[in-house]
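Residue numbers (my numbering), protein chains in the order written: chain Z, 1 to 276; chain P, 1 to 353; chain D, 1 to 318; chain E, 1 to 154; chain U, 1 to 652.
Errors might be hidden in some of the hints.
[Claimed, not checked] Straight-line distance between alpha carbons at most 30 Å, and here's what the computed DSBU-like set of lysine-lysine pairs gives: (1) K74/P with K89/Z; (2) K13/D with K342/P; (3) K137/E with K66/P; (4) K238/Z with K255/U.
[Said to hold, decoys possible] Non-contacting residues of chain Z with respect to chain P, defined by C-beta distances greater than 12 Å in every case (computed): (5) T29; (6) G111; (7) E184; (8) V187; (9) G243.
[As the list claims (entries may be wrong)] With the C-beta cut set under 7 Å, the calculated list includes, among others, these residues of chain P facing chain U: (10) L79; (11) S80; (12) M266; (13) G288; (14) N290.
Hints are computed from structural coordinates only; laboratory data are not their basis. For glycine and all other residues, C-beta sits at the position ideal for the given N, C-alpha and C.
Now for the letters of each chain:
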Amino acid sequence: MTKNIYLPEMATIQEVIRETHNIMTFRVTLNNPEAMKNFSFKPGQVGQVSSFGTGEATFVINSPPTRMDYLQFSVMRTGEVTSKLHSLKAGDQIGVRAPLGNSFPYEDMKGKDIVFVGGGIGMAPLRTLLLYMLDNRGDYGKITLLYGARSPVDMAYSYELQDWLGRDDLDTHLTIDAPYEGWEHKVGLIPNVLLDIAPSSENSVAITCGPPIMIKFTLQALEKLGFKDEQIVTTLEKRMKCGVGICGRCNIGTSYVCMDGPVFTRAQLRQLPNEL
Amino acid sequence: MAKVQFIKSADVKPWLAELAKEHRVFAPSYDGEALLFRPFDPEQEIVLDRAATMPPKKTIFPQSEKLVDFTYSKDPENLSRIKIDAKANLPEGSTVVFGSRPCDARGFTMFDRVYLSDKNPDIYYQARRKNTLFITLACRTIENTCFCNWVDSDPCDPTGSDVLAIPVNDGYLLESVSEQGEKLLNSKLLADGSSRRAEAEKICQEIAGSINNTKDLTLAPEKLLAVFDNMEFWEEVSAKCLSCGACTYLCPSCYCFNITDETTGMKGKRLRSWDNCMSAQFTMEASGHNPRPTKAHRLKNRVGHKFSYYPTIHGGVISCCGCGRCIKSCPAGIDIREIVLKAIDFVPAAVEE
Amino acid sequence: MKYQQELKDSIRKALPGLDVVIAWSAGYDPLHATPHFIRREEDIDRLEIGPFSVHNLATYLPGLRGKKVGIVVKGCDSRSVIELLQENLINREDVTIFGFPCTGVVDQTKIRKALGHTGKVDFCQIASQTVVIGAGGEEHKLRLSKVLADKCFSCQYPNALISDHFVGEKISPSAQTEGGDDLEAFENMPLPERFAFWQKEMDRCIRCYACRNACPMCVCRDHCLAESRDPHWLSQEDSVRDKWMFQLIHAYHLAGRCTECGECQRACPMDIPLLLLKKKMNKEIKELFQYEAGVDPEATPPLLSFKMEEENIKEREW
Amino acid sequence: MPVLKGKELRIVGFLCNWCSYGGADTAGVGRFNQPTDLRIIRVPCSGRIDPLFIMKTLMNGADGVLVSGCHPRDCHYAEGNFYARRRLEVLHRFLPILGFEPGRFEYTWVSASEGQRWQQVVTRFTEQIHKLGPAPKIAGPEASATLRQMEAVL
Amino acid sequence: MKIGVFVCHCGSNIEGTVDTAAVAAAAREFPGVAFATDTMYTCSEPGQEEIVNAIKEHQLDGVVVASCTPRMHEQTFRRTVERAGLNRYLFEMANIREHVSWIGKDREANTNKATDLVRMAASKLLHNRPLLSKQFDINKRVLIIGGGVAGIQAALDCAEGGLEVVLVEKTTTIGGKMAKLDKTFPTVDCSCCILGPRMVDVAQHPNITLYAYSEIEEVSGYVGNFDVKVKKKATYVDWDKCTGCGICMTKCPSKKATDYFNEGIGKTTAINIPFPQAIPKKAKIDADFCMKLQKGKCGICAKVCPSGCIDFTQQDEFVTEKVGAIVAATGFDLFDWTVYGEYGGGRYPDVITSLQYERMLSASGPTGGHIKRPSDGKEPKNVVFIQCVGSRDKSVGRPYCTGFCCMYTAKQAILTKDHLPESQTYVFYMDIRATGKNYDEFTRRAMEEYNAKYIRGRVSMIYPKGDSLLVRGADTLMGTQVEVDADLVVLAVGAEAAAGAAGLAEKLRISYDSYGFYMEGHPKLKPVETNTAGVYLAGSCQGPKDIPSSVAQGSAAASKVLGLFSKDKLASDPQVSVVDIKRCIGCGKCMKTCPFGAIKEIDFRGMKKAEVIETVCQGCGICTSTCPQGAAQLQHFTDNQILSEVNALCQF
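So that you can see chain Z by itself, here it is in the shape it has in the complex (with noise of 0.2 Å):
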């Protein structure tokens, strides 16, 4: 029999982290074993989250293709079905629709050096590009991970970040926007920040994600370091309801964030009309 394509599997929360007062990440298994077994995505893909009763939401597979004990889904608080997720426990219910969307081209990063500049919620997607290329350690160049937030306590995933600041094969730069008792990383907005760290356009991908006032001046940034439109790559975030191209409301003329996206590349950007 073809598939529902909306109706959701169930889920179970096995844990609940909150990363910061308005970021909860959940992991979660898919109850039917079978399922949770054949699961297969690509790290950028997303999925859509349920609350029976609420509603449904998208958020990216932020745990990569290659730890498949659950999947993770860090959720910022913003509207109804966020707030009522927020309010779930360990062992509550939900439904996911997963994997929809295109992902990161992870292949024809082969043999790149790698840059991620994730601002806030942002470093929810490159999360599971990073420990997907940290997992295929081998397959990728220099990884340089530049991660920002408005201060400490907005700052997700801490309790990866030590590990990852001392791994000696990923270059682990952490900043925030202000000066801040007991911090001891860098200080400034991403965009200079990463003008400092200067990472080198040559052989590079630039992945960044992040709210829309930081991507603007990072995308200048990486001009300025020499990245060419080719070398970005971006995800984008709309409302989305169906998640496979029916419902109408996520297109940005001919591409349907929601099966051509969320990935695009600065160079397909420039392609679409003007509508973000």
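Using the hints, position chains P, D, E and U against chain Z.
Just chains P, D, E and U now, kept in the frame of chain Z:
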């Protein structure tokens, strides 16, 4: 070879009554001042000489439908362990729509390309679509708002129909279009109509001749894209738009929807309901950001989708069937034809060096 | 229309100081007009006023806040302008009002009913009390009074109540002062019939919200309760209950604000008699508070104020 | 579930916290017997009662709705019941156009000390609703003519 | 949300007619309910512990208690859940005692109803959000409106407590009604001797700023932070320079000015100081009678004033004071007795009010303490007192008892005898109300020692008879008609709300009863508070009071203010309205209807929006039911919360 039958005007109702034994039958009749496709009722007059207020869109794409039924149940040992049972109920049974117009039936072909894609078929739509047959009535009269001929169709276009009925003097000539349609034409009330084909063809030609002059819309996709960033253009053409959903909801080819959940006690449902791209809510994000904040942005998307994006994606087919309902029903009298032509004719102001 | 030229001249003079003037021009066929946004001198030529100038253009004013806007109003439309001014939804100094004596507008539903099906409409001529429509190759003669909107028969304000430029001579209001015959008839129906009536009428509502968006006083539009989840008054279900409830929300939110311009009903593609609810509301408001909306820009709507002693509210023995 | 078949009808009360809810408490403290149909929703002030709540309650199938607030001039918030009085009166007069018997909705004023009066109000209103019988029920989504037919499996 | 439901037996109060175990069992099926039980006494120590333990054990994040009325124990249980770490607003109560078990005996119906009420509470709770109070700074200054004895007491107590006090008095001197009295009951000591020193204290206290001859123009802000605009009315005398020497008064040629202080007994000069002990002792020109101001001629006062303080061009002046609390002590006015035709309606000069009589008795009054008939200046022999003039009389809209008239009439009867030993006094009364300490003894003394003749009954008519009056009335104890010859009739005129009380109440956003007296927060428990936070009442503005009660209230109000200011910051009640700025369209309907002025217009990126001033909002929710798009939502009583209750009760 298509089956060709003839039915006398007076036999239409008895025939529908026959069909209603096996199918749900919808036919146009008045509800108040609105002419709607309503469940066939022998007591009610069927009105066939004019286009219905609403296309028969609801017969395949209901205004709202349940996608998922869900039930919560508690573990009596631990009340906070809640099981959720989610079930989808697919529509069953077959439907015959009588009296749809060629533009109405053709509208669903716009749906098909999206809802019946190989990758992500919509099984709710699919279940209704394959079991819904259209006995389409060729148009005998043309209205000021008709422009099916602009969008590669005509008043006798059988595309999307199962049977095409052509009104002749004393009845209707019924030509099967699909196999399923052919099966509908087995009634004893019907007689062989081959002899009247010429007459019907003549009528079709006559009508085709009376329709408004066609316009060439080949350039529409690229021209609409060319004015994408010209907000002044869009603000001007959308100035009188009220952002209501009359145009989209009456459009045979508008297929956007919303998904919302409702719960009552321990039961709930996930609903799919018509949505309207002219509404600010349509693209409003939880953060309050709206990529289409003004009616100019939204009208641009509506016109753009129909005459540019859809054709670009789907091999040049314009996602408009020219029925003209959006023009007729628009409370502000917006004429989509005017906008498309304006975009095609638009010459950007020369930039002074 | 007699004063059309005079109106055009008046607009021409004022246009340089305005961003836009909203009027009407010919619509897609001879039986329809459409709102016309005049930005440039050459747009003025297309202006047409007459019995097809059905749209209440005041609806556009709140959306144009901050701009210098000219607007052509019928008497009934001017009441909406007054109401918007009263609620501070528009600034008086930003709006230039052009008034003219209105002799009534048509009701498209009545025309449609009178003509039956005709196919294409080729022309339409209106001479004094007769409308001649050429359609489907034939000429149809209709008495104007047969196709005028109901509201025009009892119109008490044919001249704009507020205007900066008034063209033509003011005419006297209709002799028929008691509006709402349909309301009276409806109120004579037994309660169960009324209940059944609304269920049937609301059944065909398609929730397009043309009624709301065409209403000059429905200023929440993008933030309407109809689509909201917080507060969550309505579901998106195709149910009479939700659809009817929406109309009650609409009617109640208009209590003391509705000027009975009838745009809700005119805009409804399903021809649901929505005005009836508002007429009833207005009737009660008038009886209770001697208040009529859209007459005095300085007044306070009755539901936003109170008296310690209400003359007409007899708190029953309850 | 909610109503006891044959015994009770569904009657919903909206009471202001300061006066009428207190009045109902006083009636309880005084052990003033009352019919059991009424369910009370407590709100801070009768001015908080959007008439749309009453419409919604009736649309949801309630058989009667009773609103009670502080006597005029006694409002805890000075003016709430003055606004309420106008709005509720308008609603009361409006309801019949929809086909609801006017007696299905009443509003009144009961102070915190008027336990006995509260008993009378409840008793009288409940009797009135029982006299009217169950309210006409509004069709749910299943009653849409088209949908009904569409969902009917042949 | 994981909800715990506790169904209380309340001994047998509930359990007697409600099957609480069945209610708890039913509750287990409700959405969100993770735990439900019935308990013996939920409010008891072990009952509360049970809740705390259940919250911890079952990780509950919401609690429903089905027991008595929330008006009884909502606060109790809110503290309980708070103790267990939950926000106090994640709690709901179902009233199954007062509203269920106590009003019917049908156990089946009661159990069913109780179950419904729990369902409702649980549904609402699912929509509850934690609410937190905000702290805000306060301005530890207090405004006292009215310089009568209550205001003086409040001002002095506050000033002594270390607060800065702004005292605003409408007339040119403080002292109020008490300053006009000759003696006070029941001690018959000199009113002025008691009050005078207190008035001087006010003038000299470094913490008190006195604005006399001033009125409140406008009040904005909220508890802790009021902005008050005070109008200093023009006196045409520069008070900074005026020494109160009184030379101007002696030279002023316009001697026909109304003597307000002396209740119109006699006249005064156009420029005057109301009485020798006035505070502040400053002159004021009565513009209505000043020849210079009326006709432009004269100006003698300016010429004779040794300090050159006369300024005929003076205008009203406005000052703004920032205060954190306000005490209204605006007192009362006398009922206009001339509506009584039977007492002559004002036609007979020898029918006077009790306060006029008081001035006549006063040694510093217009007659120098001699009782003289206004008509001919003769000493009266028979003095008739008529009680309840404008009190306890529905026919004139004054059904209440003024309360202190019985006592001052007894006092005046005694004083009459003291002044005129030959005189005979009569008192027509309805009942004698003498409930204070030593009061009844006092009225008895008037009768027994001073031979005042008390006649129980009303006066039906006063006729002129020769140069005196004939008072005809009933003696209801004897059941006879009586007629008394009277040389002077003194009417015990009742008190009514001060003129302008309503206007001031609106500025203060406090409510008043149908007579115009200000409403206290609670008739028993909040006698000096109002329903507007930070505004208190003292004295007769709340209802007629005698001096001891007024003073007591003055002190009570002061202690309330001092208590309020004992904290450095105030916490706002979070049960207030909040405007969702994304939904608000700036139509301003909420601002129009808010009784407290708690919603202000703000500019948000060029758009008008409404914003609730949390500290001013009282939580009535009128804005919420007014806002057409549901942007304004009263927290804890949001549309969704009430709708969820409706839906829990009626789902088709």
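Each hint, compared with the structure:
no. : hint               : result
1   : K74/P with K89/Z   : 15 Å, holds
2   : K13/D with K342/P  : 29 Å, holds
3   : K137/E with K66/P  : 22 Å, holds
4   : K238/Z with K255/U : 86 Å, violated
5   : T29                : 15 Å, holds
6   : G111               : 31 Å, holds
7   : E184               : 32 Å, holds
8   : V187               : 27 Å, holds
9   : G243               : 9 Å, violated
10  : L79                : 5 Å, holds
11  : S80                : 4 Å, holds
12  : M266               : 6 Å, holds
13  : G288               : 5 Å, holds
14  : N290               : 10 Å, violated
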